[in-house]
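Undergrad: Could you put the whole structure together from the sequences, leaning on the hints where they help?
According to this note's numbering, the sequence shown holds residues 437 to 575 in order.
It should be emphasised that the hints constitute simulated quantities derived from the structure, not laboratory data.
Fair warning: there could be bad hints in the mix.
Simulated crosslink set (BS3-like; lysine-lysine; CA at most 30 Å straight-line) [said to hold, decoys possible]:
1) 524 to 573
2) 521 to 548
3) 541 to 522
4) 541 to 521
5) 573 to 541
6) 549 to 522
7) 521 to 573
8) 545 to 522
9) 549 to 524
10) 522 to 548
Now the in silico label distances, taken between C-beta atoms and shown as ranges [unchecked claim]:
11) 482 to 545: 48 to 58 Å
12) 538 to 507: 48 to 58 Å
13) 485 to 566: 26 to 36 Å
14) 480 to 547: 30 to 40 Å
15) 475 to 445: 49 to 59 Å
Glycine residues also receive a C-beta, built at the ideal position from the N, C-alpha and C atoms.
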Amino acid sequence: MIFFHIWHLGIFVWLFTWLLVGTLTAFKDNRTEEQKQHDERQRAARVEQERTILHNMNNNSKKSLVCPVCGSANIQLISDQANVKKIKQTTSLNLNPLHPLTVFKHHEKIIKKHNVLGIKDNKNREYHCQQCGHVWKSK
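TA: Pasting the structure below:
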């Protein structure tokens, strides 16, 4: 006895569609050689335009972060919390009835350094150059 499963039906439908599209003249490409070459030239021009746009975008992004000593773009981020003054840890009792076995809750609060104007600035990051080993903070 032969069993037909769902995937058999999918194979039969795909085969029937492939044969139908391949044999009917309505699905054939009726363009002339000149039209095909014109379409190919337009496609190549679009691809070249997209390639130049991507190249320009890559060049602009590479200029944004370089080593101030050697000019290399091989940079590693060491710390994004270079302006942290200290980390304050607090402990309190847990009064949540849904967690009865947890007795204490621990919290960490990050205290940031103030600059000259008294503003807490979170834009300082510390970088390391892989080429020359220079370490610096960004502004």
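Undergrad: None of the hints should be skipped; say for each whether it holds.
TA: Verification of the hints:
no., hint, verdict
1, 524 to 573, "holds, 23 Å"
2, 521 to 548, "holds, 5 Å"
3, 541 to 522, "holds, 20 Å"
4, 541 to 521, "holds, 23 Å"
5, 573 to 541, "violated, 34 Å"
6, 549 to 522, "holds, 8 Å"
7, 521 to 573, "holds, 15 Å"
8, 545 to 522, "holds, 9 Å"
9, 549 to 524, "holds, 13 Å"
10, 522 to 548, "holds, 7 Å"
11, 482 to 545: 48 to 58 Å, "holds, 54 Å"
12, 538 to 507: 48 to 58 Å, "holds, 53 Å"
13, 485 to 566: 26 to 36 Å, "holds, 34 Å"
14, 480 to 547: 30 to 40 Å, "violated, 59 Å"
15, 475 to 445: 49 to 59 Å, "violated, 37 Å"
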